[in-house]
Amino acid sequence: MAAKSKDASKNTEEELTDIPDVLKPGKNGESVDELTESYFAVSVLRDFVLPDLLDKDTVELLYWAGKNLSRQLILDMSSLPELFSKAGLGKLEITKQTKNSYQYTLTGPEVEQRFNLNNDNPEFSLETGIITETVEKTIEAFCLGTYTVNSKAKSVSIKVQIDRN
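Under the UniProt record's numbering, the first residue of the sequence shown carries the number 1, and numbering increases by one thereafter.
Simulated from the structure, these hints should not be mistaken for lab results.
Possibly wrong hints are sitting among the right ones.
[What the hints assert, rightly or not] Simulated crosslink set (DSS-like; lysine-lysine; CA at most 25 angstroms straight-line):
#1 LYS56 with LYS99
#2 LYS159 with LYS56
#3 LYS137 with LYS96
#4 LYS56 with LYS86
#5 LYS152 with LYS91
#6 LYS86 with LYS137
#7 LYS99 with LYS152
#8 LYS152 with LYS96
#9 LYS86 with LYS159
#10 LYS99 with LYS159
#11 LYS154 with LYS96
#12 LYS154 with LYS91
#13 LYS137 with LYS99
#14 LYS56 with LYS96
#15 LYS99 with LYS86
#16 LYS137 with LYS152
[Claimed, not checked] Cβ pair distances, simulated, as ranges:
#17 GLU82 with GLU140: 40 to 50 angstroms
#18 PHE48 with GLN97: 26 to 36 angstroms
#19 TRP64 with ALA141: 25 to 35 angstroms
Built from N, CA and C at the ideal position, the CB exists for glycine as well.
With the hints as constraints, model all of the structure from the sequences given.
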């Protein structure tokens with residue numbers, strides 16, 4: 001069975017140049033040092049290849065893939081910002097903590113680039129899954145993660161709800 005793909009006749013040169021290239025100069029000729037070298041590989045897989053393969057199941061499968069990745073990497077909550085930075089996922093900060101939830105904000109040039117490429121609906125389920133499983137393992141309680149995009153600020157709010165029952 002062939003993977004679903006976009007109509008090849010619609011692939012114009014303009015559309016092909018939308019693929020991010022971290023080696024290209026940015027606007028006004030400045031270098032794009034803010035984007036990590038690993039960003040390009042992550043972006044191609046997460047934003048182009050996987051959605052094409054997973055189709056309507058992309059959101060759920062990327063969330064569970066993120067949870068599984070966290071299990072394999074044996075992360076704790078304090079290592080999350082460094083992992084996100086090194087993996088080219090963006091700058092992660094915890095912005096609010098209560099006894100029932102953790103609130104994270106994801107920003108940075110990598111996140112902005114994803115908004116620029118997918119301005120209709122950028123996907124952050126993989127990142128949400130990684131954070132949710134890491135919190136779950138760290139505090140030893142069941143958690144559910146959700147995310148909300150802020151298109152205007154080009155940031156993502158990730159909330160991890162804790163079920164302590």
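The hints, checked one at a time:
Restraint check for LYS56 and LYS99: not satisfied, since their Cα atoms lie roughly 34 angstroms apart, outside the 25 angstroms limit. The hinted pair formed by LYS159 and LYS56 meets the criterion: a straight-line CA distance of about 23 angstroms does not exceed 25 angstroms. With a C-alpha separation of about 19 angstroms, the suggested pair LYS137 and LYS96 falls inside the 25 angstroms cut-off, and the hint holds. The straight-line distance between the Cα atoms of LYS56 and LYS86 is roughly 29 angstroms, outside the 25 angstroms bound, and the hint therefore fails.
A hinted pair counts as satisfied when its Cα atoms are at most 25 angstroms apart, and LYS152 with LYS91 qualifies at roughly 17 angstroms. Taken as a hint, the LYS86 and LYS137 pair is honoured in the structure, with Cα atoms around 21 angstroms apart against an allowance of 25 angstroms. Taken as a hint, the LYS99 and LYS152 pair is broken in the structure, with Cα atoms around 30 angstroms apart against an allowance of 25 angstroms. With a CA separation close to 21 angstroms, the supplied pair LYS152 and LYS96 stays within the 25 angstroms bound.
Simply put, LYS86 and LYS159 have alpha-carbon atoms about 22 angstroms apart, close enough for the 25 angstroms limit, and the pair holds. In summary, the hint linking LYS99 to LYS159 is supported, as the alpha carbons are separated by about 13 angstroms, within the 25 angstroms threshold. Pair hint LYS154 plus LYS96 holds up; C-alpha atoms about 19 angstroms apart against a cutoff of 25 angstroms. Only pairs whose Cα atoms come within 25 angstroms are accepted, and LYS154 paired with LYS91 is accepted, the gap being roughly 12 angstroms.
Taken as a hint, the LYS137 and LYS99 pair is honoured in the structure, with Cα atoms around 16 angstroms apart against an allowance of 25 angstroms. With a C-alpha separation of about 32 angstroms, the suggested pair LYS56 and LYS96 falls outside the 25 angstroms cut-off, and the hint is violated. For the given pair, LYS99 sits about 29 angstroms from LYS86 by alpha-carbon distance, which is inconsistent with the 25 angstroms threshold. The suggested pairing of LYS137 with LYS152 is violated, with an alpha-carbon distance near 33 angstroms, which exceeds 25 angstroms.
Between GLU82 and GLU140 the Cβ separation comes to about 22 angstroms, which falls outside the hinted range of 40 to 50 angstroms. The supplied range of 26 to 36 angstroms is met by PHE48 and GLN97, whose beta-carbon atoms lie about 35 angstroms from each other. Checked against the given bound of 25 to 35 angstroms, the beta carbons of TRP64 and ALA141, roughly 19 angstroms apart, lie outside it.
When the structure is compared with the earlier hints, violations turn up for hints 1, 4, 7, 14, 15, 16, 17, 19 and for no others.
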